Structures are given as structure tokens and as C-alpha cells.
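2 protein chains.
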Amino acid sequence: MENKLMLMIPGPTPVPEAALLALAKHPIGHRTGEFSSMMGEVTENLKWLHQTTNDVLMLNVSGTGAVEAGIINFLSPGDRILVGNNGKFGERWVEVGEAFGLNVEVVTAEWGKPLDPSKFGEILAADSKKEIKAVVITHSETSTGVINDLAAINSHVKAHGEALIIVDAVTSLGAYNVAVDELGLDIVASGSQKGYMIPPGLGFVSVSAKAWEAYKTAKLPKFYLDLGKYRKSTAKNTTPFTPPVNLIVALHTTLGMMKREGLESIFARHERQKNATRAAMKALNLPLFAPDEWASPAITAVSVPGMEADKIRSLMKKRFDIALAGGQDHLTNKIFRIGHLGFVSDRDILSCVSALEVVLGELGYENFIPGAGVAAAVKVFTTI
Amino acid sequence: MENKLMLMIPGPTPVPEAALLALAKHPIGHRTGEFSSMMGEVTENLKWLHQTTNDVLMLNVSGTGAVEAGIINFLSPGDRILVGNNGKFGERWVEVGEAFGLNVEVVTAEWGKPLDPSKFGEILAADSKKEIKAVVITHSETSTGVINDLAAINSHVKAHGEALIIVDAVTSLGAYNVAVDELGLDIVASGSQKGYMIPPGLGFVSVSAKAWEAYKTAKLPKFYLDLGKYRKSTAKNTTPFTPPVNLIVALHTTLGMMKREGLESIFARHERQKNATRAAMKALNLPLFAPDEWASPAITAVSVPGMEADKIRSLMKKRFDIALAGGQDHLTNKIFRIGHLGFVSDRDILSCVSALEVVLGELGYENFIPGAGVAAAVKVFTTI
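If you read the sequences in order, they're chains H and E. What the first sequence shows, in UniProt numbering, is residues 1 to 384, in sequence order. What the second sequence shows, in UniProt numbering, is residues 1 to 384, in sequence order.
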């Protein structure tokens with residue numbers, strides 16, 4: 001059907017009508033009192049969402065640009081950093097570090113498994129000279145649906161004392177409790193097309209006082225991504241470069257929606273939908289790619305032994321206008337991924353699971369009792 | 001009045017309704033055939049607009065990000081470059097060069113005057129060792145309304161043979177004839193909120209074969225702004241990082257409008273509106289900041305001896321909902337700037353000039369005959 005697309009990919013995620021209509025408003029000048037007043041409110045609400053009094057800066061970049069800014073503003077060529085790599089995005093931050101001539105040490109885990117915090121602990125404890133300047137962690141690894149143990153890794157970073165913790169929270173912020181001040185997270189990067197419920201185009205970086213200290217002596221070159229410029233402008237409710245005005249107006253709308261829903265409700269909604277999705281997949285005898293304890297609240301990766309994942313995705317799109325994500329790199333055609341991130345309701349999960357039952361049946365998959373997946377999801381959603 | 005804003009600033013510029021409605025369409029996934037098909041058409045149309053067979057790449061950045069990408073992808077630390085500086089943006093490219101450790105030589109001209117091409121000629125001719133790797137020029141200097149003599153400066157660069165020419169065409173592309181292939185321009189950078197007629201959020205960079213040769217050995221660090229990644233993805237009608245999907249859908253719409261209008265008509269429209277605006281200001285005895293021969297087709301800067309420019313702007317906004325731009329840095333409150341860039345019709349110029357007559361009268365300015373400004377504009381627009 002035309003116009004009936006339901007996005008259940010990990011980004012772009014669904015956008016509420018109020019935000020779409022905000023996008024369609026004619027742009028206003030960005031050097032006006034009207035814009036500054038909106039910018040001030042947006043900045044306050046971003047701090048609320050990050051649970052922090054740190055600066056939260058907004059850049060006209062994708063999530064990758066935000067994480068890159070979060071790395072290069074606080075380091076100098078040759079600096080030693082530890083990067084966690086258990087998926088496509090962890091891999092990308094290794095590449096960023098190498099592209100900028102950092103001395104990158106990688107802590108790996110198999111795709112689909114969480115990073116082992118004790119490995120970080122060992123390396124950090126052995127660094128008596130305090131040479132490690134930063135630890136870079138992908139919180140929710142979008143490629144595999146694994147959430148890493150940020151709190152445990154962070155406690156090792158805090159015990160080290162010198163290193164900054166830099167967090168890719170692109171698919172966790174606004175879905176999971178990322179308590180920036182409580183944990184003392186130095187740099188947290190995220191992107192607009194995820195928990196923020198607006199289209200892609202804006203990146204966000206929160207920066208601690210300790211990170212600003214490191215900024216003073218950091219020597220990697222930067223200009224457009226120079227967070228010092230954004231800090232200075234943000235303090236005056238303006239931007240160093242022309243901002244994507246329409247996206248900011250839409251963000252102003254969705255941040256208001258998020259405040260009305262409340263952080264606890266938002267986190268509970270993502271947790272509930274994750275649980276319902278996983279329960280349904282188990283009932284359909286489809287193996288989950290990430291373990292229960294370390295399953296991302298934003299995305300569920302599903303293995304399909306004996307089937308082609310891309311056939312399932314293709315039929316889901318054709319029959320039901322539901323867009324699912326595929327596997328990346330060596331996981332291509334081996335898994336599909338269900339996004340339950342941002343503007344997704346419990347109803348969407350029920351639609352998706354029941355549509356999947358039809359598709360599995362049509363593809364000749366026989367290892368399930370029709371209705372079992374939906375029944376499992378219904379059970380999770382039945383609260384009394 | 002609410003909802004009646006008319007943007008006559010040099011960006012954001014007015015956005016046609018069709019593009020606003022395109023922005024409000026629900027995003028689609030960027031890893032789909034539907035998106036790739038649109039991306040292919042957009043890329044073809046960008047090449048048409050640039051009058052080139054070179055790669056034209058699209059980044060999720062502002063105009064500044066696009067120019068920075070155009071500089072840092074082709075140079076190594078310590079490389080000698082020449083940068084033209086006769087305004088706020090020329091100044092910015094000097095800062096970018098210095099931030100990245102380039103050996104920057106600056107060719108200056110007073111704000112409001114064009115760069116002297118012969119100065120470039122002398123320095124380039126003296127460089128017998130061919131140490132100068134690039135010449136960076138702001139084509140239309142938005143801060144002053146001056147257009148620089150790109151063809152003449154480029155001819156000196158071509159005579160040198162080694163240096164690349166890097167052009168900030170942010171407020172000239174889509175307003176003035178920037179014939180990339182005919183002139184052999186190596187790198188041309190621009191931004192979406194200008195001649196492209198959509199809101200801010202996308203930057204564009206065209207890259208010649210000669211520039212790609214330089215890319216191979218260029219050592220400045222980059223990742224998000226690494227144009228090689230964009231080249232590889234664009235060839236497959238995709239993007240290296242999540243693109244701002246909604247802006248691209250809107251761009252698809254406006255590029256179609258531009259093709260239907262035709263390049264010659266677009267350039268003639270900007271030329272005509274520039275002439276009408278300037279004739280009107282002269283008839284109102286308001287001094288023009290840029291000389292006639294080197295007046296930007298995108299923006300007219302107007303001096304206001306004995307008056308406060310910001311009072312004029314404020315009353316234009318309050319009485320007529322017309323947003324004009326102010327002066328920057330030392331020109332604050334000394335000039336106002338009328339944008340006639342992108343989706344601006346002759347009718348808008350007539351509105352603006354006649355509204356300005358009311359405002360000047362209300363502010364007690366007596367050095368004009370009421371109706372003289374509009375009469376001068378009417379004369380330019382009367383073609384028979």
C-alpha cells in the first residue's frame with residue numbers, strides 16, 4: 001500500500017505527526033530572538049534527557065559525526081586509547097582512532113556477545129603510568145542488538161582516574177537509562193533519528209568538566225567539529241554555523257513529548273517492548289542473537305537457521321509494509337533486526353509479531369504453532 | 001502578523017511549499033531501493049546544476065563543513081596554500097587552514113572590495129618550485145555582497161599548473177554561472193539553504209580528477225569528512241553514514257523545479273533582481289557597499305549613513321514581516337543586507353523596496369522622493 005510504511009529499523013525510526021508538521025514549517029532566521037529562545041529551551045531539555053548539568057551540544061552531523069567529535073576534541077596525536085569492539089559500530093570507532101593517528105588498543109568480543117568489563121579492568125589497572133587517555137565504548141551495539149555493561153566498564157575507568165570515558169549512546173540515549181551525572185560519563189554522543197523521534201540530521205555530544213580540561217591541551221585538528229565553538233555559542237543560545245533550523249523545530253516538539261511521557265515511562269516502554277519481542281521470537285523458535293542479560297532495549301537481532309533473512313524482510317515489506325533491518329557484513333542474510341526504538345507503541349510490536357507469523361508460514365517455516373509468537377507478546381503486555 | 005515571515009536574508013532562504021511538504025513526508029529507510037533510486041536522480045541533477053561530469057558529493061553538514069571537507073581532503077600538514085580574504089567567510093577559511101596546520105598565505109582586500117586577481121598571479125608566478133598546493137577563494141562573499149573574479153583568479157591558478165582551486169560557492173551556486181567543467185574548477189563547495197531552495201542541513205562538494213589525485217597522498221586526518229568514503233558510496237547510490245533523508249527528499253523536489261526553470265533563467269532572474277535592488281537603493285540615495293561590477297547576484301549590502309541599520313531591520317520585521325540581514329563584526333549596525341537568493345520572485349523585490357520606503361520615512365530619513373526606489377525597480381523589471 002502506498003504511504004503505509006512502518007519503520008521497525010534502528011534508524012530512521014518512526015516520526016510523530018507533530019514533528020513531521022513542525023519540519024514543514026517555513027524556516028526562520030537562526031540569528032533571531034525567536035530562534036535563540038527555542039534554542040535555549042532545546043538545550044535545557046537536552047540536559048534533562050541526558051540527566052546532566054554538563055554542556056550538551058548539538059551539531060549538524062550524523063551519529064558518526066557526533067561520536068567522532070566526541071573523540072577528536074579531547075585527544076592529541078599518538079595518545080593511547082582503549083576501544084571496545086563487538087560489532088559494526090565498535091569497529092568504526094577503531095577506524096576513527098586510527099584515521100586520527102591515535103594509539104588504539106582494541107578490546108574485542110564476538111559479535112552478539114557483550115564486551116567483558118574485566119578485560120578493561122585488567123588493562124586499565126596495569127597502566128600505572130596513566131598513559132591511557134580515553135576509553136571508547138559503544139553502549140547499545142546496533143549491529144547485533146547487544147547492550148554493553150557501561151556501568152561496570154565505567155567503574156574501571158573511574159578507578160584508573162586519568163582516562164576519559166567516551167560513550168556512543170546513539171541507540172541507547174532516550175531508550176535506556178544513561179545517567180550521565182550519576183555515572184560521571186565524560187562524553188556521550190547520540191543522533192536525532194533514534195530515541196529523539198525526529199529524522200536524521202542532528203548529532204548531540206555531552207561534555208563533562210573533566211573533558212573540557214582535556215580539551216585545553218588536545219591537539220588533534222578540528223574546526224567544523226570543534227566542540228569549543230559549540231560550547232561558546234550554546235551558552236548564548238546560538239550556533240557557530242548555520243544550524244538545520246527545521247530539524248531543531250521538530251526536536252523542540254519531540255523533546256516536549258518526551259518530557260510529558262517522562263524518563264521512567266520511556267525506559268519502561270522500551271524494556272517492555274524488548275521483552276515482548278524477545279518472548280515472541282522464542283515462542284516462534286527463532287534464536288535470539290544477543291543473550292537475555294545483555295539485550296539492547298532498542299533493537300532485537302534474530303537468527304534464522306535454514307532460512308534467508310532477507311526473504312523474510314522482503315515479504316514483511318511487500319505484504320505488510322513493515323521495514324525490518326538486515327544483518328551487516330558477515331551477518332548479511334543470516335539475521336534480521338527488529339527496531340523498537342523511539343516512537344514505537346506496544347501495538348506496533350503486536351502488529352510486527354503477528355505479521356511475521358504470516359510471513360514465516362508463507363515461506364514454509366514449520367517450527368512454530370501459529371499464534372504462539374503473538375500469545376507470548378500478549379502475555380508480556382498483559383499487566384494484570 | 002503570524003505566519004507571514006518573508007526571508008530576505010542570505011540563508012535560510014525562502015522554501016517553496018512543495019519542498020516544505022516533502023520535508024514533512026515520513027522518512028524512509030536509507031538502505032532501500034527506493035532511497036537509492038532517489039539518490040541516483042539527485043546526484044545526476046547535482047551534476048547538471050554544477051555543469052560537470054565530476055563527482056558531486058552530498059554531506060550532512062553546513063556550508064562551512066562542506067568547505068572544510070573541500071580543503072582538508074586534498075592537503076597535508078604544512079602544505080602551502082593561498083587564501084583570499086575580503087570578508088567574514090574568507091576570514092573563516094584562513095582559520096580552517098590554520099586550525100589544520102597548513103602554511104597559509106593570505107591575499108586580502110578591504111571588506112566591500114573584490115580580491116585583486118593580479119595579486120594571486122604574482123604570488124603564483126613567483127612560485128617556481130610549485131610549492132603552493134591550493135588556492136582557496138570565496139566566490140560570493142556573503143558578508144559584504146561582493147562577488148570575486150573567479151575566472152581571472154582561476155586563470156592564474158591554471159597557469160601555475162600545480163595548485164588546486166578550491167571554491168566556496170555557498171552563495172553563488174544556483175544563482176550565478178559557476179561552470180565547473182568549463183573553468184576546470186577542482187573543488188566547489190556549497191550549502192542547501194541557499195540557491196538549492198531547501199532548509200539548512202546539507203553541504204555539497206564537487207571534486208575533479210586532479211583533486212582525487214591529490215587526495216591519494218593527502219595526509220590531514222579525516223573520517224566523517226573523508227570524501228573518499230562519500231565517493232565510493234555515491235557511486236552505488238548510497239551514503240557512508242545515515243543521511244538526512246527528509247532534506248534529500250526536499251532537495252529532490254527543488255532540483256526538479258530548478259531543471260524546469262533552466263539554468264539560464266535562474267541566473268537571469270538573480271541578475272535582474274540584483275539590478276532592480278541596486279537601482280532602487282541608488283534612487284533612495286542609500287550607498288551600496290559593493291561596487292556595481294563586483295556585486296553579488298545573491299545579496300546586496302546597503303550602507304546607511306546617519307542611521308542605525310538595525311533600527312531599519314527591526315522596523316521592516318515589525319511592520320512588514322520582512323527579515324533582512326545585518327552587518328557582521330565591524331559592520332554591525334552600519335549596513336543591512338537584502339538577500340535575493342533562491343526562491344525569490346521579482347514580486348518579492350517590489351514588496352521589499354516599497355516596504356523599505358515606508359520604514360525610511362517612519363525613521364525620519366528625508367533624503368529621497370517617496371516612490372523613487374520602487375520606480376527604479378519597476379524600470380528594471382519592465383522589459384518592453
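Everything labelled a hint here was simulated from the structure, so no lab data went into it. None of these values were measured; they are calculated from a predicted model. Mixed in with the good hints, there may be bad ones.
One copy or any two copies: either way a pair holds, since identical chains are not told apart in the list.
[To be verified] Only pairs whose alpha carbons sit at most 25 Å apart, straight line, appear in this in silico DMTMM-like list of lysine to aspartate or glutamate:
#: 1; residue 1: Lys4; residue 2: Glu17
#: 2; residue 1: Lys133; residue 2: Asp329
#: 3; residue 1: Lys317; residue 2: Glu34
#: 4; residue 1: Lys129; residue 2: Glu105
#: 5; residue 1: Lys229; residue 2: Asp329
#: 6; residue 1: Lys133; residue 2: Asp310
#: 7; residue 1: Lys119; residue 2: Glu162
#: 8; residue 1: Lys113; residue 2: Glu366
#: 9; residue 1: Lys219; residue 2: Glu162
#: 10; residue 1: Lys133; residue 2: Glu271
#: 11; residue 1: Lys133; residue 2: Glu17
#: 12; residue 1: Lys219; residue 2: Glu2
#: 13; residue 1: Lys219; residue 2: Glu105
#: 14; residue 1: Lys129; residue 2: Glu17
#: 15; residue 1: Lys334; residue 2: Glu17
#: 16; residue 1: Lys259; residue 2: Glu308
#: 17; residue 1: Lys334; residue 2: Glu366
#: 18; residue 1: Lys232; residue 2: Asp329
#: 19; residue 1: Lys232; residue 2: Glu264
#: 20; residue 1: Lys47; residue 2: Glu131
#: 21; residue 1: Lys311; residue 2: Glu34
#: 22; residue 1: Lys317; residue 2: Glu41
#: 23; residue 1: Lys219; residue 2: Asp321
#: 24; residue 1: Lys88; residue 2: Glu44
#: 25; residue 1: Lys317; residue 2: Glu182
#: 26; residue 1: Lys25; residue 2: Asp348
Checked hints:
1. Lys4 - Glu17: Both ways: Lys4 and Glu17 sit 14 Å apart in one copy and 23 Å across, limit 25 Å.
2. Lys133 - Asp329: neither (31 Å within a copy, 38 Å between copies)
3. Lys317 - Glu34: between (42 Å within a copy, 12 Å between copies)
4. Lys129 - Glu105: Classified as within; 16 Å inside a copy, 42 Å across copies.
5. Lys229 - Asp329: between (37 Å within a copy, 17 Å between copies)
6. Lys133 - Asp310: Intra 42 Å, inter 48 Å, cutoff 25 Å: neither.
7. Lys119 - Glu162: within (18 Å within a copy, 51 Å between copies)
8. Lys113 - Glu366: neither (28 Å within a copy, 77 Å between copies)
9. Lys219 - Glu162: within (18 Å within a copy, 30 Å between copies)
10. Lys133 - Glu271: So Lys133 and Glu271 fail the 25 Å test inside a copy (34 Å) and across (55 Å) alike.
11. Lys133 - Glu17: neither (44 Å within a copy, 50 Å between copies)
12. Lys219 - Glu2: neither (52 Å within a copy, 48 Å between copies)
13. Lys219 - Glu105: Both. Shortest intra-copy (20 Å) and inter-copy (22 Å) distances satisfy the 25 Å Cα cut-off.
14. Lys129 - Glu17: neither (54 Å within a copy, 61 Å between copies)
15. Lys334 - Glu17: For Lys334 and Glu17, the Cα distance exceeds 25 Å both inside one copy (34 Å) and across copies (43 Å).
16. Lys259 - Glu308: neither (41 Å within a copy, 43 Å between copies)
17. Lys334 - Glu366: within (18 Å within a copy, 78 Å between copies)
18. Lys232 - Asp329: between (40 Å within a copy, 17 Å between copies)
19. Lys232 - Glu264: Answer is neither; intra-copy 32 Å and inter-copy 43 Å both fail.
20. Lys47 - Glu131: neither (31 Å within a copy, 49 Å between copies)
21. Lys311 - Glu34: between (50 Å within a copy, 17 Å between copies)
22. Lys317 - Glu41: Intra 38 Å, inter 23 Å, cutoff 25 Å: inter-copy only.
23. Lys219 - Asp321: Neither way: Lys219 and Asp321 sit 49 Å apart in one copy and 46 Å across, limit 25 Å.
24. Lys88 - Glu44: neither (32 Å within a copy, 31 Å between copies)
25. Lys317 - Glu182: neither (42 Å within a copy, 46 Å between copies)
26. Lys25 - Asp348: between (28 Å within a copy, 20 Å between copies)
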